[in-house]
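Keeping their order, the protein sequence lines are chains A and B. Numbered continuously in this note's numbering, the first sequence closes out at residue 329. Numbered continuously in this note's numbering, the second sequence closes out at residue 348.
Be careful, since some hints might not be right.
[To be verified] Partial pick of chain B residues on the chain A-facing surface, computed with a CB cut under 8 angstroms:
1. D239
2. A243
3. N262
[Said to hold, decoys possible] Listed next, the stretches of chain A that the computed footprint assigns to chain B, with coverage defined by at least 3 CB atoms under 8 angstroms from CB atoms of chain B:
4. 60 to 73
5. 89 to 103
6. 121 to 131
7. 187 to 193
Hints listed in this document are in silico derivations from the structure and should not be mistaken for laboratory results. The beta carbon of each residue, even a glycine, is placed where N, CA and C say it ideally should be.
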Amino acid sequence: MPKSQGGELIVLCGVRKHYPITRGLVRREVGRIRAVDGVDLTIRKGETLGLVGESGCGKSTLGRVILRLEEPTEGEIYFDGHGMLSLSDREMHLLRRRMQIIFQDPYSSLNPRQAIGRTITEGLVIHGIGTRSERAERLSYLMEVVGLRPEHAGRYPHEFSGGQRQRVCIARALALNPDFVICDEPLSALDVSIQAQVLNLLQDLQDRFSLTYLFISHDLSVVRHISDRVAVMYLGNIVELAPKRELFDNPLHPYTRTLLQAVPQPDPTLDRKRRHLPDASPDPQRDERSCSFRPRCPQAAPECRNEPPPLVEHAPRHWVRCHRAGRTG
Amino acid sequence: MKDSHSKLKAEQLRTYRQMVWYHFRKRPLALAGLWTSILLFLVAVSAPLLANDRPIFFSTQDQWYWPVFSGIDQVGKYEWREMKRDAPFVFDRGGEGRDYIAVWPPVPYSPTEYNLLESLASPSSKHWFGTDDSGRDVLSRMIHGARVSLSVGFVAVGIALVIGVCLGAMAGYFGGWVDVFISRLIEIMLTIPTFFLIIAIMAFLPPSIYNIMVVIGLTGWTGAARFVRAEFLKLRQLDFIMALRALGASNSRIIFLHMLPNAMAPVLVSAVFGVAGAILVESSLSFLGFGVPPPTPSWGDILSQSRDYIEFAWWLTVFPGLAIFVSITAYNLVGEGLRDAMDPRLFE
């Protein structure tokens with residue numbers, strides 16, 4: 001199957017995930033954490049969408065909501081045309097074969113009491129795919145594909161290094177032949193030397209199995225390497241969404257600019273304009289009417305207080321959520 | 001993260017079980033406790049072979065009999081009751097005019113066999129641990145009492161574990177209202193003094209060993225439930241549970257195949273302590289007269305008889321007391337050893 005850029009695999013419409021803050025014996029709701037607050041997003045077949053943002057901005061929650069590991073509070077999610085939230089349990093179970101997730105921490109994402117071979121084939125067992133010998137065959141195939149030695153299938157997670165464990169996680173995600181894989185910071189727990197290996201592996205696998213990736217990361221250089229398009233998230237909202245080159249060359253949202261300036265440069269002689277944000281830590285319980293970035297924004301204007309900015313297409317395929325987008329500040 | 005030494009060790013100690021055993025073995029007290037409990041278990045299992053009023057094997061005129069197993073009371077003119085018996089009296093070739101061979105248990109008295117002529121005999125070569133007020137052999141009663149004590153301990157803890165693990169798993173896994181309900185239930189159970197509750201219930205129930213097991217089990221599940229709940233709350237956050245949900249695993253698959261094996265360590269430890277506790281409760285109940293109905297032997301029951309003769313019949317107090325002490329100490333040592341050996345901080 002060629003790497004198509006056409007059809008939409010995932011469509012998110014106004015997805016929200018709010019966590020109530022309760023107090024007292026009767027669990028009265030006293031507030032809400034708006035982890036994901038009205039995200040509209042499409043992911044096309046075969047592309048890699050990078051999702052960046054600081055910790056706590058809701059990017060991991062968004063990933064989990066897309067897989068329905070957490071139920072969204074509001075909104076609709078379409079997977080290949082199916083409205084996922086209205087599916088029956090049986091249909092959802094079948095759909096799970098087509099989407100998988102790779103987690104950040106390769107230590108907690110493997111069952112310490114289970115040999116990795118059984119971990120990798122668990123999905124096949126759950127979905128009743130193949131006979132025992134067919135599964136064993138698929139296991140050694142998968143282990144070879146991700147660069148593990150099939151004879152290590154009987155070993156336990158503690159016998160592997162972090163990079164190897166992440167390969168086990170990748171093999172587990174691939175076992176069911178998914179179309180869509182969410183990579184939730186798959187590199188950030190690994191050594192730098194291992195990061196490159198795993199990143200290349202993920203790219204190879206994408207070509208080989210025509211996978212669609214949602215690549216969640218806070219590391220812009222990694223996202224720049226692997227993504228086709230990049231979405232920047234701030235406090236539960238997408239604030240900027242553009243093709244990779246466009247976003248890195250021409251960032252329009254003040255938050256994206258700050259992020260890009262914060263990327264460490266290997267050349268110390270290079271003159272850098274580095275901007276620090278005011279130290280107002282993002283508050284997920286903030287006021288709903290104003291722009292969520294306003295307390296830290298270097299170019300905040302009066303209108304930012306009164307009206308939340310909509311996501312607007314400023315340039316072709318370049319969407320920004322800012323009243324003052326493009327104006328220098 | 002790991003140096004080469006612990007990597008080497010990890011190579012040798014493949015599974016979790018091997019690692020636990022490796023660390024357990026290094027503790028002499030825990031090992032002593034383990035051997036003692038195994039010994040007690042063997043004694044309890046083979047009680048009829050160790051203490052009985054009939055031979056294990058009897059042979060006369062080329063005929064073989066196994067009276068302990070078949071339960072026959074006599075062979076021809078030979079009645080067990082009338083045969084001369086002294087401990088230790090294992091091998092009996094008969095004598096003049098007697099043409100039989102008998103192999104007796106080391107303690108040739110049954111726990112219920114009374115002999116008023118020998119009541120309250122002090123320890124001697126005939127009755128190693130003396131006799132009680134009905135002339136029953138104390139050692140025989142203790143050997144058979146081990147059966148009662150251990151089976152009460154294990155069955156009661158088994159019942160408690162099933163209830164506690166299920167409720168704790170539900171509370172920890174599902175959270176929300178289920179958790180609130182089960183947690184409050186646990187707290188209510190904890191406020192009730194268990195022993196008095198057991199006495200109160202036993203006062204209404206007919207005295208039987210099964211009722212004791214069930215009542216101790218029904219009142220003793222809170223510890224296991226709390227441990228399992230806490231472990232599940234911790235495990236639920238881990239990514240491998242998330243990954244299983246993403247694979248489409250059912251709740252029961254996640255709970256029983258993946259979370260429970262990871263949550264069992266503290267439960268196992270508390271279960272071992274629980275066995276010790278249940279043995280003590282059973283002994284206390286029997287001592288107070290709420291226990292197993294006579295003439296079933298039980299350690300607490302012998303102790304309870306000793307109250308009337310405590311000024312001179314010291315053997316009625318010392319031996320069953322020692323048995324209770326030794327078995328509870330053994331289980332507690334095993335529990336402590338397990339608790340330390342299962343501590344993952346020691347694996348690094």
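Evaluation of the provided hints:
Satisfaction of the interface hint for D239 (chain B) is found here, the shortest Cβ-Cβ separation to chain A being roughly 4 angstroms, below the 8 angstroms cut-off. The interface hint given for A243 (chain B) holds, since its Cβ lies 6 angstroms from the closest Cβ of chain A, which is under the 8 angstroms cut-off. Given hint, N262 (chain B) at the interface with chain A, holds; its Cβ is 6 angstroms from that chain's nearest Cβ, closer than 8 angstroms. Counting residues of the stretch 60 to 73 of chain A whose C-beta sits closer than 8 angstroms to any C-beta of chain B gives 3, which meets the bar of three, so the coverage hint holds.
For a cut-off of 8 angstroms, the count of residues in the stretch 89 to 103 of chain A with a CB near a CB of chain B stands at 7, and the three-residue condition holds. Counting residues of the stretch 121 to 131 of chain A whose beta carbon lies closer than 8 angstroms to any beta carbon of chain B gives 4, which reaches the threshold of three, so the coverage claim holds. A stretch counts as covered by a chain when three or more of its residues have a beta carbon under 8 angstroms from one of that chain; for the stretch 187 to 193 of chain A and chain B the count is 0, and the coverage is violated.
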